[in-house]
Each structure stands twice: as structure tokens, then as C-alpha cells.
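Visitor: Once you know that position 183 of the sequence shown is 182 in numbering that gives the first Met the number 0, the rest is easy, because the numbers rise by one and skip nothing.
Calculated from the structure, these hints are not laboratory results.
It is possible that part of the hints are untrue.
What the hints assert, rightly or not - Dumping the calculated SDA-like pairs for lysine to any residue here, alpha-carbon to alpha-carbon at most 25 Å:
| no. | residue 1 | residue 2 |
| --- | --- | --- |
| 1 | Lys423 | Gly405 |
| 2 | Lys524 | Pro539 |
| 3 | Lys489 | Gly500 |
| 4 | Lys412 | Arg478 |
| 5 | Lys412 | Tyr106 |
| 6 | Lys381 | Met444 |
| 7 | Lys185 | Asn130 |
| 8 | Lys489 | Gln473 |
Unchecked claim - With beta-carbon atoms standing in for the labels, derived distance ranges:
| no. | residue 1 | residue 2 | range |
| --- | --- | --- | --- |
| 9 | Lys470 | Arg548 | 23 to 33 Å |
| 10 | Arg548 | Ala306 | 18 to 28 Å |
| 11 | Lys470 | Arg60 | 44 to 54 Å |
| 12 | Arg60 | Lys431 | 46 to 56 Å |
| 13 | Lys431 | Ile247 | 46 to 56 Å |
| 14 | Thr231 | Ala272 | 17 to 27 Å |
| 15 | Gln246 | Gln207 | 50 to 60 Å |
| 16 | Gly526 | Asn165 | 31 to 41 Å |
| 17 | Leu121 | Ser237 | 53 to 63 Å |
| 18 | Gly526 | Asp402 | 57 to 67 Å |
| 19 | Tyr411 | Thr456 | 12 to 22 Å |
| 20 | Met124 | Asp244 | 34 to 44 Å |
| 21 | Gly497 | Asn437 | 24 to 34 Å |
Computed from a predicted model, the values in this text were never measured in an experiment.
Beta carbons: idealized from backbone N, C-alpha and C, even for Gly.
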Amino acid sequence: MQNFKINTLRRLSLSTLIASTLALAILPAVADNKATSASAKQPKLIVVLVVDGLPQEQIQRYRDQFGQGGFRRLLDQGAWFSNAHQAHGVTVTAVGHAAVLTGAYPYQHGIINNNWIDPTTLAAMYCTQDNAHTYIDEETKSDDGTSPANLRVSTVGDELRYASGNRSKVVTVSGKDRGAILLAGKTGTAYIFMKKSGNFASSTYYMQSHPQWQQAYHVGKPQDRFYGKTWTPLLADSAYASDADDQIVAPQQADGANRFPYLYSSKSGKPDAEYYGKLFTGPYLDEMTLDFARAAVAGEQLGRNPAGVTDILGVSLSSHDYVNHSFGPESRMSHDHLQRLDRMLASFFDSLDKSVGLENTLVVLTADHGFPNVPEFAQSRKFESQRIDGSKLMNALNQHLSDKFGAEKIAYKWSAPNVLLDYKLIEQKGLKREEVENSAARFLMSYNGVAQVYTRTQLETGAMPDNRIAKLMQRAWHRQISGDIVVVTKPYWQFGSGNRGTTHGSPYSYDSNVPLIIMGKPWIKPGVYGQYAEVMDIAPTLAHLLRIRPPSAAEGRVLTEVLP
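Please construct the entire structure, taking both the sequences and the accompanying hints into account.
Guide: Printed below as a string of C-alpha cells:
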């Protein structure tokens, strides 16, 4: 009897142990299944917002004045990277937009600037120019942007459509052709604001005729509703107390046209190309762009795809770039424009919540580049800051090379920040290419306002200095289409002429540091992230979440720190 009790207890203990072990084994499996189930739910819609020309510092400087539903909603409910950059050396609209959904640098994706000189034909090339296609039912000029022919790599949208058998929809809209086309990639569909008619139109690269919803949107000519209106400050005067003096950043024109109240009209007395062009500077083009994006969501049923696959909506908001060019990011005009854009985004998010549901939507907000201060404002703050006239630089360089080598116009084209050399002339004169390059580089290094100069030989062989500026310029240089001498200004200096406004394009942080915010539960963990990040990280992160292959030349990393 005693042995029976002992054996029974042993069997019970063994049974208990086995049951406990099985229970412990099952629990992680159940947890894993829950995690798998949660991760299996993919966004129904990905919305990629690019605010053209928005420095990171502006959304922090004005944060306390934002409402609850726009930028603040993104900052509070999303993952925000404070140290995010466009990590290439030529920070302009086309290059920045190409980076967002390719995850690639210019040396691979082939968009090296807004415009450049083709080294083979010496013809001017616009980034999205393609003479094989025209705008649909709209006037098309030879250098208008009509297709992504110059983009050499794929985008997230291209890979999503490939993975879904073309069932996913990718639709983009922008005031600028390059803003829409470079987000759409090769297989999406881009719509662009037409400066002559005020319509949003696509090109024959994408389709032969517009869908019915696009035509219905324009029946009432919504682009004309701002005619005769003025742009005036949204907030009380005290809210703008810390902004720069208008007279420093934008000396008043004789007609007062560059000050509040900013009037939207034309000499003809009715809506025309002059009026539509004025809409780019101020809040109303962005308002129309977001309105048209709403129409696209409804018309294309974005986020409600009957195939159950994810769609992408890309929206590039162009006006902040125009405002900052004209007045500078330190101006009251720029300040006010961002406040108005904040309210527009809040309204747009509310409409998405009603049509798709924000719980089904992943939102990304970034910018194509930042902005430096107006040189005159920088000077008022004791910084050395001036404009470098490219024509004068080229004349001085050619005079130096002529004196040195006895040949006229060896440097024959300027396409900032690139100088193109005439290698045929160099060969005809029996000169050594590297010697000419080095002589040009030494001269330019002594030119007022120039900080760094890199030659084709350096860039081709990788014999570059070991510093960040050199790395960014190397990434921005494309062996086949870039120039032969690359010039970098000193901080706060910029290429340009005239005596008003400002521009961008440098590798410095005021041009490279841009917002990078991703919002959307359950896919993103909200918070403030101080880790270094690049706009190039957006594409591989989205590819990871969508479980598709990364775009063909993506070099960014998956932002694993924001994944729950």
C-alpha cells in the first residue's frame, strides 16, 4: 500500500509537470498568435505628406500656437524624429521628393537637381521632362514635367503594386509636377496643378483621359473661389512678435504686393494665368491641393479597396516653399502660412477619419528640404552671409584657366553646384584632365564664399575627405549626368543673385534637417526619438510594414525603434 501511494504521487507529479510544461509552452504560442494577428492587420491607406520647404525648426518654434488636430496631432500621436535629415548634398525639391519613397540617394535614383545640363547633348534637362507625353486637355510646354522617365529606380508604390498584382492604387497630387510625379513612381498616377487653367490634371504617361471624378471636381471651377480675396494674418499681432522685421527680409515693393494684405487678383480683372500663378504664394493652393486629394480618396475609393489591399495617397504641399523663398522662414508670412496649413491638415485628417478611419490609416509627414534665413537677416545676426552669382564665378574661373592653360572657356557650363568642363577642348590642347581639374578647384577654393570643391577625379575614385559634407556631396553626384567640379558654399552663403529672398540647396543642417513623423496605431509606437534618421529610412520602413520587397535602390534602414 505504501509503495502504491508513492507511485501514485510520482505519477501525479509527473502528470502535473507535463501539464505545467504544456501550459507554459502554449502561453507563448497564444501570445505569438495574438502578436501575429495584430501585425497581420495592415493599413488600408498610407498617406504620405510632403511639405515643400519646411525646416524642422519651424514646427517646434510655432508648436504652442498650433491647434489640436494638425501638426500637434502628429507630434503627440506619432513617432517624431528630431534629428532627421535629407542626407544628400543638393537639397532641392526634386531630389528631396525622389528620396521619400525610393529610399535612395541621387547617385542611384538619377534625380540630381530640379534642372541640370546633359553632359552629352549640352541641352538643359528638367527633372520630370518627357517630350513623349503631354498634359491631358492642357497646354504643355517642352520643359514641362509629364513623366518619371528620369527616375531610375522603383518606389514603395511600385513595389506595392507589384506585390498586389496591380490591385493597390497609388495616387499623388501636388502644385508642382515634380512633387506629384516623383512620389507616384513608375506605376502610380500623378495629378498636377496647371498654372494656366487652375485645374489639376494628369498626363498621357498615366492615362489618355481623366476619370469622371476628376472632371466632376472641376465643373464648378473651385480654383476661382479665391479671386479678389486677400491673405491676412490668422492670429493676433502679438503672436508674431518674435518674427523678423518685414523690411529686413522683404523690402517693400513699390506696389506693396509683397506684404499683408496679399491680394489674389490679376490685371485682366478675372481669373487667369496671372491669378493662378499668384496662388502658389500663400495658403490657397495648399487648400485646393488637399481638397483635390479628398476628391481622389472618394473617386478612387482609396483605403476601401475591394481587393482588400493597401492603397497609397501622396500629397505634396507646394506653397510653403514659395513663401519661404520670398520672405524667409523667419518671416511673419512664413509663420502665418504654417499656422494656416496646420488648420488645413486638421480638417484633412478629420475627413480621412470619416471616409477611411484614422485607425486604418498610416500617415507619414516629411519635407523635401529645409531653408536658410534670408542673407540680410543672417547679417543682422552677425553671420557672414551673401549670395554668390554663378555667372560671375564662371567668368572669373574661365579667366584663370585661360591665363593658366591658354584655352578659352574650358569651364563651359554652370549648373549649380556643378561646373562642366570641356574635356574635348582639354584633349585638343594636349592638357592633362586632372591637372586642369585641380587648377580649377584651387582657384575656386579661394573664391569668396566657397568652402569646399570636389573634382570628377576625386568623385569617380572615391578619394574624398573623410567628413560628412564630402559624404553628402558624393551621394548627390551621379557619374553619368553630374558635372565635373562640385562647389560647396560656406555656411549661410548661397548661390543666387539679386538682393531679396532666400534659397536652399546646401548640405548644412538648416537645409537638411526636416520633419519625419509617422503616425498610425497599431503599427507605430508614439514618442519623441532623438536617434539620427534619414528621409531615406521612410521607404524601407514602409516596405517592412507592408511585407513587400524594398524599393530597388533603397539604402535607408527600417526604423525599428518605432515598431511596437
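Visitor: Compare the structure with each hint and give your call.
Guide: A quick look at each hint next to the structure:
no. : hint                         : verdict
1   : Lys423 to Gly405             : holds, 15 Å
2   : Lys524 to Pro539             : holds, 17 Å
3   : Lys489 to Gly500             : holds, 18 Å
4   : Lys412 to Arg478             : holds, 17 Å
5   : Lys412 to Tyr106             : holds, 20 Å
6   : Lys381 to Met444             : holds, 23 Å
7   : Lys185 to Asn130             : holds, 16 Å
8   : Lys489 to Gln473             : holds, 17 Å
9   : Lys470 to Arg548: 23 to 33 Å : holds, 27 Å
10  : Arg548 to Ala306: 18 to 28 Å : holds, 19 Å
11  : Lys470 to Arg60: 44 to 54 Å  : violated, 29 Å
12  : Arg60 to Lys431: 46 to 56 Å  : holds, 52 Å
13  : Lys431 to Ile247: 46 to 56 Å : holds, 49 Å
14  : Thr231 to Ala272: 17 to 27 Å : holds, 24 Å
15  : Gln246 to Gln207: 50 to 60 Å : holds, 52 Å
16  : Gly526 to Asn165: 31 to 41 Å : holds, 36 Å
17  : Leu121 to Ser237: 53 to 63 Å : holds, 55 Å
18  : Gly526 to Asp402: 57 to 67 Å : holds, 60 Å
19  : Tyr411 to Thr456: 12 to 22 Å : holds, 18 Å
20  : Met124 to Asp244: 34 to 44 Å : holds, 40 Å
21  : Gly497 to Asn437: 24 to 34 Å : holds, 32 Å
When held up to the earlier numbered hints, the structure conflicts with hint 11 and nothing else.
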